[in-house]
Amino acid sequence: MFSLFKVQLGYLLRKKSTIAVFFILIGFVVAEYIMNLSEAIKIGETTMMNDPFMVSALSDWSKVGYYLFAFYPFLVVFPTATSYVNDRSSRIKLYYEGRSNKRDYYYSKLLAIACTTFIVFTVPFILELVLNIVSFDVQNSRCHPSGLPYVDSAKTYTFLLDGLYYEHRVLYVLLMILIFGLASAIFAVFNAAITVFPLFEYKIFTYFPIYLLLYLLRVVEGARKGQVLFNYITMLRWFDGTEKLFPAFLILLFILGYAAFVIVRKKIGKDDVL
Numbered sequence: 001m002f003s004l005f006k007v008q009l010g011y012l013l014r015k016k017s018t019i020a021v022f023f024i025l026i027g028f029v030v031a032e033y034i035m036n037l038s039e040a041i042k043i044g045e046t047t048m049m050n051d052p053f054m055v056s057a058l059s060d061w062s063k064v065g066y067y068l069f070a071f072y073p074f075l076v077v078f079p080t081a082t083s084y085v086n087d088r089s090s091r092i093k094l095y096y097e098g099r100s101n102k103r104d105y106y107y108s109k110l111l112a113i114a115c116t117t118f119i120v121f122t123v124p125f126i127l128e129l130v131l132n133i134v135s136f137d138v139q140n141s142r143c144h145p146s147g148l149p150y151v152d153s154a155k156t157y158t159f160l161l162d163g164l165y166y167e168h169r170v171l172y173v174l175l176m177i178l179i180f181g182l183a184s185a186i187f188a189v190f191n192a193a194i195t196v197f198p199l200f201e202y203k204i205f206t207y208f209p210i211y212l213l214l215y216l217l218r219v220v221e222g223a224r225k226g227q228v229l230f231n232y233i234t235m236l237r238w239f240d241g242t243e244k245l246f247p248a249f250l251i252l253l254f255i256l257g258y259a260a261f262v263i264v265r266k267k268i269g270k271d272d273v274l
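Just so you know, my numbering puts the end of the sequence shown at 274, numbered straight through with nothing missing.
Heads up, some of the hints might be wrong.
Pairs of lysine-lysine residues, derived as DSS-like cross-links and limited to a Cα-Cα distance of at most 25 Å, are as follows [unchecked claim]:
hint	residue 1	residue 2
1	Lys266	Lys102
2	Lys102	Lys267
3	Lys93	Lys266
4	Lys16	Lys203
5	Lys6	Lys102
6	Lys93	Lys16
7	Lys93	Lys6
8	Lys270	Lys102
Keep in mind that the hints were calculated from the coordinates and are not lab data. Here the structure is a predicted model, which is why all the values come from computation and not from measurement.
Hey, can you work out the whole structure from these sequences and the hints?
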């Protein structure tokens, strides 16, 4: 199974769609960095500069973050959505199954999709983290984007894991990047698992399952009052002060991951019967 996984991972990482999404995310990072650098040059005084982590591309204060998350449901599945359909139509699926077996094929495919998506949706933002550390005085540039002094902002603005941020900022940012990558991987895996059904004969349909799911969850959130439970934008954007119940979002991710596993397991059993 491991050799088959390596083959599929290598193929997915080399796909034009994967490379395109990777550089689109790099583009968001570079655009945000250039705007922050330009603003820092205008200010001049280090102690008056915005905290560079608070104006990163995934931050709630980001200038480009709105567009990134607007296209996120499409970007997260674009590299891998057609994986099963392509293998089925090109009959490469039969070749892979011949080299190993159906079980190894399906599970290695899911694992390759998860790893590909995780890499694509973490590496650009880890590079941004390194770029911010190298380019800005992160020890002294601690002004909040709202204009409040650093100490006052800590009392006024609360967000997910804010205690960790004010104690260990780099660790907080790295953790949030990993959470973003993990959530993206699970979304992509669930989307791919859904496409094993005969309904998805045409490639165009494979891009919509996770988009529709995330859209419906946002509609449900908008119709109810209280803490946010499943809105991916609110959950994944850093420094979002909206009242939220993050464990509910983690449960959603677990359910989607488990559902993907069950769907594929049922598909393997059905193929074995046939």
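Now the hints, each set against the structure:
Restraint check for Lys266 and Lys102: the C-alpha separation of about 12 Å stays at or below 25 Å, so the hint holds. Between Lys102 and Lys267 the CA atoms are separated by roughly 9 Å; this keeps the pair inside 25 Å, and the hint holds. A C-alpha spacing of about 17 Å is found between Lys93 and Lys266, which places the hinted pair at or below 25 Å, so the restraint holds. Between Lys16 and Lys203, the direct Cα distance comes to roughly 16 Å. Compliance with the 25 Å bound is thereby established for this hinted pair.
A threshold of 25 Å between alpha carbons decides the hint, and for Lys6 with Lys102 the separation of about 16 Å falls inside it, so the pair holds. Restraint check for Lys93 and Lys16: satisfied, since their Cα atoms lie roughly 20 Å apart, inside the 25 Å limit. Proximity of Lys93 to Lys6 is assessed by CA-CA distance (about 15 Å); at most 25 Å being required, the pair is judged to hold. Using a Cα cut-off of 25 Å, the hinted pair Lys270 and Lys102 holds, with the two alpha carbons roughly 11 Å apart.
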